[in-house]
Amino acid sequence: MPSHPLRPAIRRRRFLGLVGASTTAALTAGALSGCGSGSGGGGGGSASDAGSLDDLIPTHIPFEGVTPDIKGRHGAPDGFTAYPENFVRAMPEAPGRGGHYTAMTPLWGPIPPGLGANSFFDYVNGRLGATVEFNFQDGNTVIDKMNAVIAGRDVADITMIPDWTINLIPQFNRAVGELFEDLTPHLAGDAARAYPLLANLDSDAWRWNVFNQRLHGVPWPSEPFGNWVLYRRDLMEEYGIEPPSSPDDLFAIGEEVNDPDNNRWAFGDFNLSMRQVFGAPKQWRYEGGELVHMFETDEWRASVEYMRKVFDAGLVHPDIVAQGDNAKELLNSGQIVFNQDGIGAWHEAYMQMLGDNPDFRLDLMPVFGNGGGDPVMHRSDPSGQSVFVRKGMEPEQVEEILGILDFCAAPFGTREYMDYRYGEEGVHHELNDDGAPQLTDTGNAEVNDGYYFLSGRPPAVTESQYPDFVQWKCDWYNHAAQFTEEDPFAGIRIQRPERFSAAETPMTDRVEDIIRGREGLGALDEAVANWRRDGGDEGREFYMKVLQEHGRD
Amino acid sequence: MTERTVTTSEAPPPSSAPRRRGGRGRPPAVPDHRGGHASVRARPSLSARLRRDWQLLLMTLPAIGLLAVFHYTPTLGNVIAFQEYNPWDGVLGSPWVGLTQFERLFTDPRFWSAVGNTLMIAAVQLVFFFPIPIALAILLDSVLSPRLRLVLQSVVYMPHFFSWVLVVTLFQQILGGAGLFSQMLRQNGYAPLEIMTDPDAFLFVVTSQMIWKDAGWGTIIFLAALAAVNQNLYESAAVDGAGRWRRMWHITLPGLRPVIILLLILKLGDILNVGFEQFYLQRDAFGSNVSEVLDTFIYHQTLVTGNFSAGAVAGLVKGVVGLVLILLANKLAHKMGEHGIYRRA
Numbered sequence: 001m002p003s004h005p006l007r008p009a010i011r012r013r014r015f016l017g018l019v020g021a022s023t024t025a026a027l028t029a030g031a032l033s034g035c036g037s038g039s040g041g042g043g044g045g046s047a048s049d050a051g052s053l054d055d056l057i058p059t060h061i062p063f064e065g066v067t068p069d070i071k072g073r074h075g076a077p078d079g080f081t082a083y084p085e086n087f088v089r090a091m092p093e094a095p096g097r098g099g100h101y102t103a104m105t106p107l108w109g110p111i112p113p114g115l116g117a118n119s120f121f122d123y124v125n126g127r128l129g130a131t132v133e134f135n136f137q138d139g140n141t142v143i144d145k146m147n148a149v150i151a152g153r154d155v156a157d158i159t160m161i162p163d164w165t166i167n168l169i170p171q172f173n174r175a176v177g178e179l180f181e182d183l184t185p186h187l188a189g190d191a192a193r194a195y196p197l198l199a200n201l202d203s204d205a206w207r208w209n210v211f212n213q214r215l216h217g218v219p220w221p222s223e224p225f226g227n228w229v230l231y232r233r234d235l236m237e238e239y240g241i242e243p244p245s246s247p248d249d250l251f252a253i254g255e256e257v258n259d260p261d262n263n264r265w266a267f268g269d270f271n272l273s274m275r276q277v278f279g280a281p282k283q284w285r286y287e288g289g290e291l292v293h294m295f296e297t298d299e300w301r302a303s304v305e306y307m308r309k310v311f312d313a314g315l316v317h318p319d320i321v322a323q324g325d326n327a328k329e330l331l332n333s334g335q336i337v338f339n340q341d342g343i344g345a346w347h348e349a350y351m352q353m354l355g356d357n358p359d360f361r362l363d364l365m366p367v368f369g370n371g372g373g374d375p376v377m378h379r380s381d382p383s384g385q386s387v388f389v390r391k392g393m394e395p396e397q398v399e400e401i402l403g404i405l406d407f408c409a410a411p412f413g414t415r416e417y418m419d420y421r422y423g424e425e426g427v428h429h430e431l432n433d434d435g436a437p438q439l440t441d442t443g444n445a446e447v448n449d450g451y452y453f454l455s456g457r458p459p460a461v462t463e464s465q466y467p468d469f470v471q472w473k474c475d476w477y478n479h480a481a482q483f484t485e486e487d488p489f490a491g492i493r494i495q496r497p498e499r500f501s502a503a504e505t506p507m508t509d510r511v512e513d514i515i516r517g518r519e520g521l522g523a524l525d526e527a528v529a530n531w532r533r534d535g536g537d538e539g540r541e542f543y544m545k546v547l548q549e550h551g552r553d
Numbered sequence: 001m002t003e004r005t006v007t008t009s010e011a012p013p014p015s016s017a018p019r020r021r022g023g024r025g026r027p028p029a030v031p032d033h034r035g036g037h038a039s040v041r042a043r044p045s046l047s048a049r050l051r052r053d054w055q056l057l058l059m060t061l062p063a064i065g066l067l068a069v070f071h072y073t074p075t076l077g078n079v080i081a082f083q084e085y086n087p088w089d090g091v092l093g094s095p096w097v098g099l100t101q102f103e104r105l106f107t108d109p110r111f112w113s114a115v116g117n118t119l120m121i122a123a124v125q126l127v128f129f130f131p132i133p134i135a136l137a138i139l140l141d142s143v144l145s146p147r148l149r150l151v152l153q154s155v156v157y158m159p160h161f162f163s164w165v166l167v168v169t170l171f172q173q174i175l176g177g178a179g180l181f182s183q184m185l186r187q188n189g190y191a192p193l194e195i196m197t198d199p200d201a202f203l204f205v206v207t208s209q210m211i212w213k214d215a216g217w218g219t220i221i222f223l224a225a226l227a228a229v230n231q232n233l234y235e236s237a238a239v240d241g242a243g244r245w246r247r248m249w250h251i252t253l254p255g256l257r258p259v260i261i262l263l264l265i266l267k268l269g270d271i272l273n274v275g276f277e278q279f280y281l282q283r284d285a286f287g288s289n290v291s292e293v294l295d296t297f298i299y300h301q302t303l304v305t306g307n308f309s310a311g312a313v314a315g316l317v318k319g320v321v322g323l324v325l326i327l328l329a330n331k332l333a334h335k336m337g338e339h340g341i342y343r344r345a
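Chain order of the listed sequences is A and B.
The first sequence: position 400 = 400 (the working numbering), numbered continuously.
The second sequence: position 160 = 160 (the working numbering), numbered continuously.
Next comes chain A alone, as it looks inside the complex:
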């Protein structure tokens, strides 16, 4: 196979951005809820240890068809600094055998014309050799819809459910075995050789799709980190200020650039990032045979104190204090200089801003620890969504569907990727001078993310149309990824006890009160004590049991 400067790509950033509408909100929720649920019975039980899961998941066989320009290290995504001149054909022949399948996926954006009135569907179905008929759900209300679909046992042949939605569907671990096909016999170990592009997906993401000791879902491997502080690199260069290298440094820079009289504040919100800078765990830390929750660590407390200090110094934009929904606009317009957001907000901002302001530059704040220590970077859950096959299909049908999903797992740089993302060249898209696809009018009306959501592919940084973007982002990732937290529960899907989740809302409310100066720092002790009483300690026991069950204690 010819080697091209390409490698699996992904637009997870865009996906995440859309999923959350306000990415920050989604990520806040995500980070606070820590490990997701999904397995284990009502309030108890949990899925199995990642180690013992290895028999259930596909053997990882990397796809060698495309080569990245910047190799990701420590689990960071690969980078591509240009579009390929030729697209690699990853699949010699169409995977389908003429079957007709329904597919249900969420969609963020307008619903496109349906099958029969949409040449994009016709084209991709032609390439698949099978017909996929989509039933799109509004992505913003997908949780309501999926709750009804699952409770009504009315699933499509192929059903995509975002991971955060799975976590919110009550008793999903029970539903999954009754509604969805067990994919273990088709995919476990070397069986996955029949689907080379699926075998190319990250093993952690596959482990995450094991429910009740069976492999049920096809994953969407996610970038290691969901959110971090973005800053206005152009403004900082104007000021002639070097990027920060410690929390104190950051505070000093904040004081220097803060200028309310001229409508400029230093900071938006960056609470979650500071936790990582100060070295707090994402959820639990296992030390000396005990589980210590983030809320109970000195590192977390230090991050709260820091956020309060920043607020007291008047460095936070008032709209952010008032929980306005306009942080992106404030950053883009230079009314704030540092703001935490989904990492995908970076290229979205470029898309929006570079046309009017070619000098506009963002960058991710360098990763640093406190007092010379290392930061603890919180890993996102390894899979952003799962695709399930309806239970009760013939084995040949399951195989055909897996073939379709295999096609849709084709990475950046392949012909197949271009097909399912941008349709037919000359009809749905044209390639511009840089070789990047531009949708035509037909493409804008018909092309949609349906097939893109039918499978995942290894994440990659591919937005080479923006100056320095791929290089900067990969540099940041390759540095940051070495500080990734070692989570004692890595790879285990856990259904959180109800009281443990419920205790979190009052706790986060209280922390918000403290950070925003409505209560003193002294209230932290009481807040933590209440949290322990209302479900925190119960959660600790539960999680301890999970550790014991999996021999990790």
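I should point out that these hints are in silico values taken from the structure, not numbers from a laboratory.
Heads up, a few of these hints could be off.
Partial selection, computed: residues in chain A whose CB lies under 10 Å from chain B [said to hold, decoys possible]:
| hint | residue |
| --- | --- |
| 1 | Gln171 |
| 2 | Phe172 |
| 3 | Arg499 |
| 4 | Ser501 |
| 5 | Thr505 |
| 6 | Glu512 |
| 7 | Glu519 |
| 8 | Gly522 |
| 9 | Gly551 |
| 10 | Arg552 |
Glycine included, C-beta positions come from ideal geometry on N, C-alpha and C.
Given the coordinates of chain A, work out where chain B should sit on it, guided by the hints.
Same frame as chain A, now just chain B:
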């Protein structure tokens, strides 16, 4: 509502027919348009009334269907308040737990805090918001130029159609710490406003938002009532030497009284429904201590943790309290000689 009840008392639906038989011998007010065989004394038989009123009954069907499908049927779902409900097992499969959920709710201090906040907001609304549409309606009514009145009415109705997101953002952009006023103050060397994040200002801010958004809309009913006041009364009063204030006190306000009382009763029944979006949106700006109302509490209990039973319990409690308040207020209205929300039999 009133109108419907009037019709019903003349032509009750089949199910309630026997109860009223022979009642107080009130003559049917609707003249029989077919042949006049209805007796003045006795009520016509059920079949006769059906034959006579079938068109009217037919016309109520869509409304009854709507109520049945979207109100009465879902009401049955309240049984999950007595269960440890999960959607996978459904109502039939979920375990029954008696009053456990109620116990949990009533011992939760956050519930009582939400009830307290809700009542406080409702009380402030009642005192400060409720009279404003009345005053505004009287003002609008006194504008003589029809064209000017139309313009003014459109202007005051408009904000009702804005979503809460927009209203909150607008207030934020004008009164917030980085808003129009604050920036003006800053540039002139004064301290900026902080009311949009000050928990002590919460009641003031939300009531102002409510007035700005809905006071104009609230005038509609009062304007209609004002239009029904007999203009001759004003003329005679003026002839008798009554000034502007006297005329308002003795003619306008008494003319509005039934409507005011009706709306007040409805408002009382609705007292625990202070709204959701407005408080949800400003929760973190002011802190949950002041901004958590019953509806946001239920949301956080139910959707955030997946505990539907807890939410159903809180909703049920809310509904029952509302119903009791409506009945009490209505009784009071009857005592005072008003119609209330339904006419007394």
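Check your understanding: Which of the numbered hints above does this structure break?
Key -> Numbers 8, 9, 10 - these are the hints that the structure violates, sorted from lowest upward.
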